[in-house]
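Sequential numbering of the sequence shown, starting at 1, is according to this note's numbering.
Since the hints were derived computationally from the structure, they do not count as laboratory data. Certain hints may be false.
Once the Cα atoms are required to be at most 27 angstroms apart in a straight line, the calculated DSSO-like pairs of lysine-lysine come out as [as the list claims (entries may be wrong)]:
1. Lys269 <-> Lys222
2. Lys472 <-> Lys501
3. Lys269 <-> Lys282
4. Lys74 <-> Lys228
5. Lys393 <-> Lys462
6. Lys467 <-> Lys505
7. Lys269 <-> Lys66
8. Lys588 <-> Lys86
9. Lys74 <-> Lys462
10. Lys86 <-> Lys66
11. Lys86 <-> Lys74
12. Lys86 <-> Lys222
13. Lys467 <-> Lys282
14. Lys222 <-> Lys576
15. Lys459 <-> Lys505
16. Lys501 <-> Lys282
17. Lys66 <-> Lys588
18. Lys282 <-> Lys393
19. Lys228 <-> Lys505
20. Lys86 <-> Lys282
As the structure is a prediction and not an experimental result, all values here were calculated from the model.
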Amino acid sequence: ASIASTDMGLLLRDDVFVDFFNTFLNLPVFGQTPIYISGMGRWCLWPELPSHLDPSPAPFLAWLEKHRLPHFCKSILCLHLVLCQKLLAFIRSGEAAELLNWQGADQWLLERCISGSHGMRHFRAFVRGTAGEELIDFWLITERLLGLDESDGSQRDLFSSLVHRLRATHLREGSSVITLCTTIVGSLPKARHIQSISTRREILSKMQEQALLTIQSYWLPKFFVHCKMGVEEEESCQPLLQEYQERLSQAGWQEPPGLSEPPATLHIKRSQGVSGPYSSQKAKAEVWALVKEGRDTQGLKMATFRVKAEKQLRPAGSTEELCLDKDALGLISQPLERPANTAFGGRGGATFPGRPQSGAERDLENLCKEKILSDLPLSASLAQLPSLKKPTKTLDFLPWALSAEACAGLPFRDFLQRHNRSVETHLLDLWHDLEEFLPVVLDSGRENSFSLRHLIAEKICKTYLEKGSVEKLPLEPRTLVSLWNRLICGEFSPWIFRAQKEICKLLCGLYEEFLADDDRTFLQFMAPGMDVPAPKVPGRAAGRGEHFHLAQRMNQSLKLSQALHGTRSLEGVSSKHWQSLAARDLQKGGSIQAEMELLL
Numbered sequence: 001a002s003i004a005s006t007d008m009g010l011l012l013r014d015d016v017f018v019d020f021f022n023t024f025l026n027l028p029v030f031g032q033t034p035i036y037i038s039g040m041g042r043w044c045l046w047p048e049l050p051s052h053l054d055p056s057p058a059p060f061l062a063w064l065e066k067h068r069l070p071h072f073c074k075s076i077l078c079l080h081l082v083l084c085q086k087l088l089a090f091i092r093s094g095e096a097a098e099l100l101n102w103q104g105a106d107q108w109l110l111e112r113c114i115s116g117s118h119g120m121r122h123f124r125a126f127v128r129g130t131a132g133e134e135l136i137d138f139w140l141i142t143e144r145l146l147g148l149d150e151s152d153g154s155q156r157d158l159f160s161s162l163v164h165r166l167r168a169t170h171l172r173e174g175s176s177v178i179t180l181c182t183t184i185v186g187s188l189p190k191a192r193h194i195q196s197i198s199t200r201r202e203i204l205s206k207m208q209e210q211a212l213l214t215i216q217s218y219w220l221p222k223f224f225v226h227c228k229m230g231v232e233e234e235e236s237c238q239p240l241l242q243e244y245q246e247r248l249s250q251a252g253w254q255e256p257p258g259l260s261e262p263p264a265t266l267h268i269k270r271s272q273g274v275s276g277p278y279s280s281q282k283a284k285a286e287v288w289a290l291v292k293e294g295r296d297t298q299g300l301k302m303a304t305f306r307v308k309a310e311k312q313l314r315p316a317g318s319t320e321e322l323c324l325d326k327d328a329l330g331l332i333s334q335p336l337e338r339p340a341n342t343a344f345g346g347r348g349g350a351t352f353p354g355r356p357q358s359g360a361e362r363d364l365e366n367l368c369k370e371k372i373l374s375d376l377p378l379s380a381s382l383a384q385l386p387s388l389k390k391p392t393k394t395l396d397f398l399p400w401a402l403s404a405e406a407c408a409g410l411p412f413r414d415f416l417q418r419h420n421r422s423v424e425t426h427l428l429d430l431w432h433d434l435e436e437f438l439p440v441v442l443d444s445g446r447e448n449s450f451s452l453r454h455l456i457a458e459k460i461c462k463t464y465l466e467k468g469s470v471e472k473l474p475l476e477p478r479t480l481v482s483l484w485n486r487l488i489c490g491e492f493s494p495w496i497f498r499a500q501k502e503i504c505k506l507l508c509g510l511y512e513e514f515l516a517d518d519d520r521t522f523l524q525f526m527a528p529g530m531d532v533p534a535p536k537v538p539g540r541a542a543g544r545g546e547h548f549h550l551a552q553r554m555n556q557s558l559k560l561s562q563a564l565h566g567t568r569s570l571e572g573v574s575s576k577h578w579q580s581l582a583a584r585d586l587q588k589g590g591s592i593q594a595e596m597e598l599l600l
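Take the sequences, apply the hints, and build the full model.
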């Protein structure tokens, strides 16, 4: 709420906010996808405005404040921003210096390591599989829940869903949260059945404070030791280590930094003679076509993972292999990047060695192929990138957009609700619930996976598939029956992919309307009185190199967001994390720019 009510100009002086906001703005669900380089005070728009327009920062900031910031404040990235700010406040405090004997250089190094969306992903990867992971999950869910109004009908379903999630995971006997907070809540049964809303909120708030205190005083110091050792060992971090050592030699506690000074002139990068009308849908299709043809023509490398076969898909003792491209652009959540007990392997879909495929297995194979998309080959020069020969339809990149929407505060869902499309909103909710179910059911090593898989499966069955609800869904009866048969037992089903594909076909036209509406709104701020489409202006068309960079930028944004959202498993801490830390500069594009530089 405090972020939503703050002036955009003031927010942009906070480099940590800018980093999270840039990650949000580049999620591929939106039409206009800008990025802010705070060190230069420069906004880069995409798609660019027609070259005859002279974009002014004032209306652009007003548009951001009204049409992007509200969705950001509902996103998982904003929750991580709030947590990051609280951790940074503790790191910078004299209390932390006294309690943990930190010097100014220690504070500086830890702040460098944890700031921004990449820093928080690194921290979460570090605590993965520990009580610290559960405490962070509890803090985030509680922060979201306490920001809702239970008496507001539009928020009641989300409130109830979060309460059920807490009870199934963090508020059960034996959980790290209950063990830590027993002195606050007394016995769990009493706390569960307290009827007063204010009392329930007060208990949750105190538990949240206790969880945060433990994260700050126990897990942050452990993370600092981990970071210090990693920086010392990683060759690319030697300049960072040298600066740290120089700061150590300076006596005394250094004053923590405040907001950065505003740039002399906030400006928008001028268009370089873009031709044609302004259309984010067309721009997305061009980027998508490049990436899709790159996959088809360049013989991309495939990452190999092994997935423990679900019992319903194989006889006892058999092994199944599924194939996912290493860095899929969010078209299928990748829950299986690191679990020790799972693996993906093969090339081009699901294969079941040594026995004939059933019809369901062939469905799984074909739908996996359709839903997955890789990065472009990073070793290829731009001259080797494919030309755009085949037109790309919105349906081709819609799963990419919907995967991003869950991390972006559900802007497409809000659009459907504003236009009273209740059936389509219901379908979109099902798509997201199925997407949330996949990483939980496929990754048995995930924290609380057993409880969560049954909780989510039960919710899907009751909300969409039971008699009285299922009639509202315009999906194939066979798809709905097959979903019910597996989900009622909390099991994985290849029919999830079939259902999502059918939903995408039904929502495709409305998503195109959503992009057109986003374009109209943007032009109303930036070019009042200009109709859509804009008049054609001779100029330069965007090149393949630009499309390649845009695809990578959106890909990195989506990967970071999914990791924080939970629809992509956190990778283990590796050399790549330290290389990204060395390349990251919050005033030069931050997390997503650092990831791109490593790739390119």
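Cross-check of the supplied hints:
no.: 1; hint: Lys269 <-> Lys222; result: violated, 42 angstroms
no.: 2; hint: Lys472 <-> Lys501; result: holds, 17 angstroms
no.: 3; hint: Lys269 <-> Lys282; result: holds, 21 angstroms
no.: 4; hint: Lys74 <-> Lys228; result: violated, 34 angstroms
no.: 5; hint: Lys393 <-> Lys462; result: violated, 34 angstroms
no.: 6; hint: Lys467 <-> Lys505; result: holds, 24 angstroms
no.: 7; hint: Lys269 <-> Lys66; result: holds, 21 angstroms
no.: 8; hint: Lys588 <-> Lys86; result: holds, 23 angstroms
no.: 9; hint: Lys74 <-> Lys462; result: holds, 25 angstroms
no.: 10; hint: Lys86 <-> Lys66; result: holds, 26 angstroms
no.: 11; hint: Lys86 <-> Lys74; result: holds, 18 angstroms
no.: 12; hint: Lys86 <-> Lys222; result: holds, 17 angstroms
no.: 13; hint: Lys467 <-> Lys282; result: violated, 41 angstroms
no.: 14; hint: Lys222 <-> Lys576; result: holds, 20 angstroms
no.: 15; hint: Lys459 <-> Lys505; result: holds, 24 angstroms
no.: 16; hint: Lys501 <-> Lys282; result: holds, 22 angstroms
no.: 17; hint: Lys66 <-> Lys588; result: holds, 25 angstroms
no.: 18; hint: Lys282 <-> Lys393; result: holds, 9 angstroms
no.: 19; hint: Lys228 <-> Lys505; result: violated, 50 angstroms
no.: 20; hint: Lys86 <-> Lys282; result: violated, 41 angstroms
Violated hints, in rising order: 1, 4, 5, 13, 19 and 20; the structure is consistent with all others.
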